[in-house]
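Could you slot chains Z, F and B onto chain W? The hints should help.
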Amino acid sequence: MNIVVCIKQVPDSAQIRVHPVTNTIMRQGVPTIINPYDLFALEEALKLRDRYGGKVTVLTMGPPMAKQALEKALAYGADEAVLLSDRHFAGSDTLATSFAISRAITNLGLRHAPEIVFTGKQTIDGDTAQVGPGIARRLELQQLTYVTKIVSVDLHAREITVERRSEGGTQMLKSQLPCLISVLEGVNALRRGSVADALRAARAQIPTWRAADAGIVEIANCGLRGSPTVVKRVFAPTPRAEKAIQIKLNDDQCGPLVDEIIASIFEHQPALEASFQPNGLT
Amino acid sequence: MKGEKFHAIVVGAGMSGNAAAYAMAMRGLKVLQLERGEYPGSKNVQGAILYADALEKIIPDFRDDAPLERHLVEQRFWIMDGASHTGIHYRSDDFNERRPNRYTIIRAQFDRWFSAKVREAGCTVLCETLATRLKQDSRGNVTGVYTDRPGEAISADVVVLAEGVNGFLGTRGRLRETPKPDSVALAVKEMHFLPEDVIAERFGLTADEGCVIEAGGTISRGVPGLGFLYTNKESISIGIGCLVSGLAAAMERPYDLLEAFKHHPSIRPLIAGSEVKEYAAHLIPEGGFTAIPQLFGNGWVVVGDAAQLNNTAHREGSNLAMTSGYLAGKAIADVKDRGGSMVKSNLALYKSMLDSSFVIKDLMKHKEMPRFLHANSQNLFVSYPKLISKAAQSFVRVDGNSKLDKEKATSAAFLKARSRWGLISDAVRLARAWR
Amino acid sequence: MKAIVKRRVEDKLYQNRYLVDPGRPHISVRKHLFPTQNLIALTQVCPAKCYQLNDRRQVIIVSDGCLECGTCNVLCGPDGDIEWTYPRGGFGVLFKFG
Amino acid sequence: MEAHQAESQSPIVSRASAKKELPRHFRDNRHVWVFIELERGQVHPVSIELLGEGRKLADKLGVQLAGVVIGTAEDLGVRSAIAEAFAYGADLAYLVESPLLSDYRNEPFTKALSDLVILHKPEILLLGATSLGRDLAGSVATTLETGLTADCTELDVDADGSLAATRPTFGGSLLCTIYTLNSRPQMATVRPRVMATPKRVTHAIGPIIRHDLMMIEEEIVTKVLGFLPDERSEKINLAYADIVVAGGLGIGTAENLERVMVLARTIGGEFGCSRPLVQKGWMEVDRQIGQTGQTIRPKLYLAAGISGAVQHRVGVEGADLIVAINTDSNAPIFDFAHVAVVADAVALLPALTAAFTRRLAPHTNRCK
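Order-wise, the sequence lines are chains W, Z, F and B. Mapping the first sequence onto this note's numbering, position 191 (from 1) lands on 191, and the numbers just tick up by one. Mapping the second sequence onto this note's numbering, position 105 (from 1) lands on 105, and the numbers just tick up by one. Mapping the third sequence onto this note's numbering, position 25 (from 1) lands on 25, and the numbers just tick up by one. Mapping the fourth sequence onto this note's numbering, position 210 (from 1) lands on 210, and the numbers just tick up by one.
No lab work stands behind these hints: they were computed from the structure. The structure presented is a predicted model; accordingly, all values stated were derived computationally and were not measured. Treat the hints loosely; a few may be bogus.
Pairs of lysine-lysine, DSS-like flavour, derived with a Cα cap of 27 Å [to be verified]:
id, chain 1, residue 1, chain 2, residue 2
1, Z, K180, F, K31
2, B, K60, W, K232
3, W, K149, B, K223
4, Z, K351, Z, K361
Looking at chain W on its own, in the form it has when it is part of the complex:
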């Protein structure tokens, strides 16, 4: 099998702090990591390779620094990695991003088109979950999102059966290769790369593809110019105007304090009292 996994290097958003006074993002000390959701996709791909043979190629689009994310992916056991990086890609929205990545995947698969393209559910900085569907649509892959389990793969019949999460339940689907799979978080546990994997990753010469190397000619479809959406304003959420009612714990026992809290709740929301019905005290 020829499997491609799309990953993204993102700032560790849990570490992002907004400066209390200037409301600007405090950039110092916000390290970059592999988008956590993508690691579940990588593990799923590695499991398929271990079972059916073939190779897993990891692809990312980003600045030169994103090569570190590819190195880490190789260290987990991926076979090859490609960095898609070009000044023209700067400012791409999801539409332009899916265009560039789709072209790179086609270029990757010239000899042997990939059977499955894996992505994470979404990124923790973009959170749009749109690039996966974009790639599927452009490469005419079957689109299987929020997949929780790959039930079976039949390479001869080029069929695949998966379970995916949908509203209110789990859908079982039978589809065909090639397909795009976005993996839900929590479905597997990422392995630890072996010594050999780590050595290979540390020595890998990861190629950087500019637009031309990825077979992209239509520069107008890339970067800002290829992006229908544009960010006009970035601002901090405005703190609530009226200050919260402060209830201080004067002495240690909670009695009076608790009654005060409940009083303020019911005074603020009289209707609430009616809707309180303890549901079967266990």
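What follows is chains Z, F and B alone, placed relative to chain W:
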């Protein structure tokens, strides 16, 4: 890839590990470096001061691209009691030289830069890899390292133990003891972020001049300890380190000492309005010369904090670490060049290089200092600071009492506290420990 | 005095970047009926406050947030009160500055 | 797409002020559409919230609001979807019916919605940010090569009639307003419980424009083998609970979370937690409230020991009443809480539970 073999494996990507790996890689050795953190620096904690003199010997043009915060122009030594500090400040424009002597750095960024140099020199660096055990043959000679990654051990002619003060591998391989509670200090530290110009204003600095404050006294509540405050470009590293045995005996909480230090009237205004972004803790070797373990053996050498190479009196560590790492690398490469094997007798070269360097000389000079500080902690960290600050205040305060009376009262206070004999013996013992 | 607020250690630790290795605590306290003096000292000295007394006055550890300084190993490692190792590669505290 | 004037690689900022001259063939896109999502025969509440939002936008633009329903004729849900669309303010409804559309599959739904849009040219198309909505919106936007903004927390229309979609960015630390410059329709998805539920309007059923699906089953590759509804007895529906009690790092230990659950049960609410607790493995990911977890809009939200970082704030700001308990009087949560209690949550929770039980006892007149 059946058990690939290397000339050398360096365990740890801190100051000593990077220096050793760089030295050997530059001499063409096939070197593998293991770092248990996500990236070099993610597990390293230090004040932190970089001593240019040590790094110049390894990477002469480091100033071109190394991430340096401020070059130091002012050193403040303070003796503190509850409400005051009495100090000696030394600041000189000479330090605004073309190649400044000392810098403040941020370890996570600096170690990552140093590791990039190590990789450029040809060393293979594996991160997120914990070395779990030494591979030793029946006679105890070290022949490689086991890691926590699937796959067998990695073999090498020599293993450079640059694993830090706890010496995880060394103690497990019975090459040394776990450090004693009275030979290590626990430092807790916070990174306070402030705009660059606010820092410059508060310490009277221009451009990227830097200032360091090191303070002893009642802030460590009788435990031998030292508070420190380093100015970085747009942050201040502030912390306090105390002898572990002292902390345990006094049942003191390090984070309470740090909060008290931060709230001290002399410190609070310097960090007012800051945004704290990290809280770290680290052990610092304080045993001095007497705590240095066996430094070499068949197939291994120990460098940096793992060899307890830290000068307590001058609070210098990273230069000793870098130098010991570099010398170990140099010695191994020399042995290799003359076709020698990595046996104990050949590796003695590393120890002799170390002996003739400042590293052992300084540690020999101050080998009594740790015991001196430890034995007299109550006097040195409680009584003297109080006496000194009272003396200073009485000297400064104008209250109608005659100067003669004031001096008499001050000397009476010293005599009452330490008696004539106590004062003399303290002075003699201090001088002997310092000589 | 909004500038520096007395902050509990939990708030300090919350600033740190930490990757928990679920189900694999890297330090364990040996079973004991009555804790040794050094074990009790850990409840005060540990900079990340990982050691606490449970309701039977025995020392227990929650190693999340551990700063991997080794103080507990120095005090209690040699005489076997605790089993001390580092977290697996890439896990545990990840200093942004250090 | 009209060729853009050759511009040098302009930095993002100047591009943002680029004039919005709409290419000719998009100038006659008009009206606001809302995709009505069906979940096992029921109209998903997010679609009703979007009808409310769509009505507001349509009124500002002076255009019509249309509900779009895609499904099979014999499914009762389709009938009720159309009725609901009109009951919540739609002026007209589009209906694509086909037996192929009984279960949700990406291919037929994308074709149905894309063909409708190409034919009737709406200017704004809104979908719920459910797993179905996100799966569909992504492929439709790519098919139409138009802009799509996900998880919007606020929608508005500028003077020149373009859609200003505001959403969290940088992991929720900041908000940003995004425009779709030179393509139509302007697509956006909104998370459930972010927009208010509009009032029902007893509105006569308006015109219904039907279309057939230009597809046969053989063309569709993916087949649905089956569907397993969440049979977990009480499905965690944090998103739609009226009362939520949540614990954060201030709770201290996993055991103390029991106090959060007991209080939640006592006052008939759901319990949840902040992200760090899920990372510590103290609670399952379905219980996580915030940017990367559930967005809740309860009547009462009780936060115990939660610092209220922005990532959490984004998920709870819709609550009618936020009561926050934290020892740190400077905790960010006090910036957006209605009632701020500076105390230790671990000690306070049991006392609160007892007090509520006493207060509610007369109602339930059950002996202790």
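Now for the hints, and whether the structure bears them out:
Note on K180(Z) and K31(F): the hinted pairing holds, with a Cα-Cα distance of about 23 Å set against a maximum of 27 Å. For the given pair, K60(B) sits about 21 Å from K232(W) by alpha-carbon distance, which is consistent with the 27 Å threshold. Between K149(W) and K223(B), the direct Cα distance comes to roughly 16 Å. Compliance with the 27 Å bound is thereby established for this hinted pair. Of the pairs offered as hints, the one joining K351(Z) and K361(Z) holds, with about 12 Å between alpha carbons and a cut-off of 27 Å not exceeded.
Checked against the numbered hints given earlier, this structure breaks none of them.
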